[in-house]
Amino acid sequence: MSADKLNYAQVNRDVMRPLFNPTAAWWGGIGLVSIGFVIGLYCLGMQLVWGLGVAGYHPPVFWGVYITTFVFWVGIGHAGTLISAILFLTRSRWRTGIYRAAEAMTIFAVMTAALFPGIHVGRMWQAYWLFPYPNQRQLWQNFKSPLMWDVFAVSTYFTVSTVFFLIGLVPDIAAVRDNTRGLTKKLYGAMSLGWRGTDRQWRHYMAAYGFFAALATPLVLSVHSVVSWDFAMADTPGWHSTLFPPYFVAGAIFSGCAMVITLMLPLTKLFKLEAYIHTWHFEHLAKLCMFTGGILTFAYGTEYFVAWYSDNMYEWGIFVDRVVGKYWWVFAMMVACNCVIPLLWWFKKVRTSFVGLFVVSIIINIGMWFERFNIIASSLAHSFDPGSWVYYTPNHIEIGILIFSFAWFFLWFLLFVKIMPSVAIAEVKETLRPPLRHDEEAAAK
Amino acid sequence: MSSAHASATGAPVKAVYKHLDSLLQGIHDLQAAGHRDFTVLSPIPRHEIEEALYRGEPSPVRWFTLLGGIFGGTMVFSLASLTHANWPMIIPGGKPLVSIPPFLVITFEGTILWASLMTLVGLLLNCGLPFTNPPKQMEDPRFTNDCFGIVFTGTGADTSKIVHILEHSGAVEVTHG
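Each protein sequence line maps, in turn, to chains A and B.
So that you can map any letter, position 83 of the first sequence is 83 in the numbering used here, and since no number is skipped, the others follow by simple counting.
Here the numbering used here = 1-based position in the second sequence + 445.
Just chain A, with the same shape it has in the complex (with noise of 0.2 Å):
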């Protein structure tokens, strides 16, 4: 059905006929799910018995897979405030299709991510020393540290954008209850905090929604420049640059509307929403990245130029090492899945078409892990002293967890869409022209 032709009740019973009832292709979903779940989970355990000895931390690189990783899926979590706050802020009506669905990528994204600093660490259980409170000798955390500022913006981000993401899920699951009995009804009506859309509610409501959005908008800056920072602020070559904040929040975002594409493109087949997530959505995405890919490819050409022009020969000599030393691999799969392929959305056939839109998004997620992993893997293993240069790559036991962390995810997201209208019924109904009696009675005419 065309979206001209939507009507109120008919959005309530489209984005509401996918849920509850689980089909076979949500199915396999689960089951690739508790394969990486089974893989993940033996690595993890092994590394929690045995210590970080199992892990491949080949000194002096003891930032490898897991912190690339938790810099992955932090720059994930960027495109859902991006879509569902800025694009808010500045009335861009193709956000309402995908933005619930990106939102909630955005807090399991994070989610992710949260467990990466615990699992880096070693001793998971002691995750709670992160957070500001003074210790026996009532020493408190140093406050001037970029780890701090860290734990600080990720734990902001997360918060803000859950308040976020569940307050914009209230009135859609009053729907849901509405629409439902039983227990299922009472957990719904618990959830919907017995919403009812009253003309208090919804004057609040909107005024509270436009606070959220525009707090939200400054964190999607602000989080990947302070994870930026935890490179930036060390004098390790290859990592000490101003540069570093614009060029991590274009790539977050690069990648994170790279990712939307790949999850929302067989969601919106599957579960037969093309009346409300069109080819155009993916196509203003597409060219979300394009914008962002083309920044990104400017900010690794700058590097370059920096590091040549500051004449300093570590500087330049780590970037040199990254395209001729034995890392090469790493920088050409950044530069071919970041910088080149992306430069077949400049055609419209291939930006608009299933297939060209699922595999480069695909490839651009590839590419941007690889691009984390060629930040840090390579300048600790190719520092000040040649004495120390190593050759660092992951074991199985980090790559292990890297496949839990996509399991981890995937069975958040596969819950959800499940359990939670993937479009916002409410927003949806907003974008479409009331129903008005003058409009029947100009059509009976």
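Any given hint might turn out to be false.
[Claimed, not checked] Some chain B residues judged to face chain A by a derived CB distance under 8 Å, without partners named: (1) P488; (2) G567; (3) M583; (4) T620; (5) H621.
[What the hints assert, rightly or not] In silico lysine to any residue, SDA-like type, Cα no more than 25 Å apart, as pairs: (6) K540(B) to L139(A); (7) K144(A) to F548(B); (8) K606(B) to R437(A); (9) K581(B) to K144(A); (10) K418(A) to I362(A); (11) K144(A) to P541(B); (12) K581(B) to D199(A); (13) K349(A) to L265(A); (14) K463(B) to E430(A); (15) K144(A) to I545(B); (16) K144(A) to N590(B); (17) K463(B) to E440(A); (18) K540(B) to M233(A); (19) K540(B) to A234(A); (20) K185(A) to N590(B); (21) K144(A) to T519(B); (22) K287(A) to I86(A); (23) K185(A) to K581(B).
[Unchecked claim] Short derived list, chain B residues pointing at chain A, Cβ under 7 Å: (24) T484; (25) P490; (26) E554; (27) F576.
If you're looking for bench data, these hints aren't it; they were derived computationally from the structure.
Everything numeric in this text was worked out from a predicted model, so none of it was measured.
Here a beta-carbon is modelled for each residue, glycine too, at the ideal position from N, C-alpha and C.
Let chain A serve as the given structure and place chain B on it in line with the hints.
This is chain B only, laid out in the frame that chain A set:
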């Protein structure tokens, strides 16, 4: 159109509308008759409804956001400054203990975090959420689907007059009691 006329006073009246313009007419007619004790229900937010009922008066939620932001920013900056002053790390070269640039990062985060949490508190308090015991007239599933509604809860008004106003405005169903 189904209706139930009565001359009793004080009974809640529920009107269901299929059309937004009819609903706005109903709001206007009730206000013109001097009634204010009614609730409008809608599956979506509409500026026309808010304008008709609140005349552009801004929501007080904004004060919660502002106070939350001021509190969060002040608290986090104070936390960082006081803890550094309490256990000084003397760095040669005249670096200040309370240093603005690094503390601004967490001050910013604290401002946003507390502004958001207080916005949530403001939203819940002002909306009356959780709304645990709504009048049964509001529990109509059509109000989260494709219909608008008015629930009149005023006491002392002649129910039959209210029913008449709502029916006349274009409600497709008016019930009371």
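Evaluation of the provided hints:
Contact between P488(B) and chain A, as hinted, is supported at the beta carbon level, the nearest pair being about 6 Å apart and thus within 8 Å. The criterion of a C-beta within 8 Å of any C-beta in chain A is met by G567(B), whose closest approach is roughly 7 Å, and the hint holds. A hinted interface residue such as M583(B) counts as satisfied when its beta carbon comes closer than 8 Å to some beta carbon of chain A; here the least separation is about 5 Å, so the hint holds. Using the Cβ-Cβ criterion of 8 Å, the hint placing T620(B) at the interface with chain A is not satisfied: the shortest such distance is roughly 17 Å.
Among the interface hints, the one on H621(B) is violated; its C-beta lies about 19 Å from the nearest C-beta in chain A, farther than the 8 Å criterion. With a C-alpha separation of about 20 Å, the suggested pairing of K540(B) with L139(A) holds against the 25 Å cut-off. Pair hint K144(A) plus F548(B) holds up; C-alpha atoms about 7 Å apart against a cutoff of 25 Å. Simply put, K606(B) and R437(A) have alpha-carbon atoms about 23 Å apart, close enough for the 25 Å limit, and the pair holds.
For a cut-off of 25 Å, the pair hint linking K581(B) to K144(A) is broken: about 56 Å separates their Cα positions. This hinted pair checks out: K418(A) and I362(A) have alpha carbons roughly 23 Å apart, not beyond 25 Å. With a C-alpha separation of about 11 Å, the suggested pairing of K144(A) with P541(B) holds against the 25 Å cut-off. Between K581(B) and D199(A) the CA atoms are separated by roughly 17 Å; this keeps the pair inside 25 Å, and the hint holds.
About 16 Å separates the Cα atoms of K349(A) and L265(A), which keeps this hinted pair within 25 Å; it holds. Restraint check: the Cα-Cα separation between K463(B) and E430(A) comes to about 15 Å, which is no more than 25 Å; the hinted pair holds. For the hint pairing K144(A) with I545(B), the CA-to-CA distance comes to about 10 Å; that is within 25 Å, so the pair holds. A hinted pair counts as satisfied when its Cα atoms are at most 25 Å apart, and K144(A) with N590(B) does not qualify at roughly 52 Å.
Note on K463(B) and E440(A): the hinted pairing holds, with a Cα-Cα distance of about 11 Å set against a maximum of 25 Å. Between K540(B) and M233(A) the CA atoms are separated by roughly 16 Å; this keeps the pair inside 25 Å, and the hint holds. Only pairs whose Cα atoms come within 25 Å are accepted, and K540(B) paired with A234(A) is accepted, the gap being roughly 18 Å. With a CA separation close to 15 Å, the supplied pair K185(A) and N590(B) stays within the 25 Å bound.
Between the alpha carbons of K144(A) and T519(B) the distance comes to roughly 17 Å, so the proposed pair stays at or under 25 Å and holds. Between K287(A) and I86(A), the direct Cα distance comes to roughly 16 Å. Compliance with the 25 Å bound is thereby established for this hinted pair. The straight-line distance between the Cα atoms of K185(A) and K581(B) is roughly 16 Å, inside the 25 Å bound, and the hint therefore holds. Interface restraint check: T484(B) against chain A, minimum CB-CB distance 5 Å, threshold 7 Å, status holds.
Because the smallest distance between the Cβ of P490(B) and any Cβ of chain A comes to about 4 Å, under 7 Å, the interface hint for this residue holds. For E554(B), the interface hint holds, the least distance from its beta-carbon to any beta-carbon of chain A being 4 Å, beneath 7 Å. The interface hint given for F576(B) holds, since its Cβ lies 3 Å from the closest Cβ of chain A, which is under the 7 Å cut-off.
Violated hints, listed in ascending order, are 4, 5, 9 and 16; each of the other numbered hints is respected by the structure.
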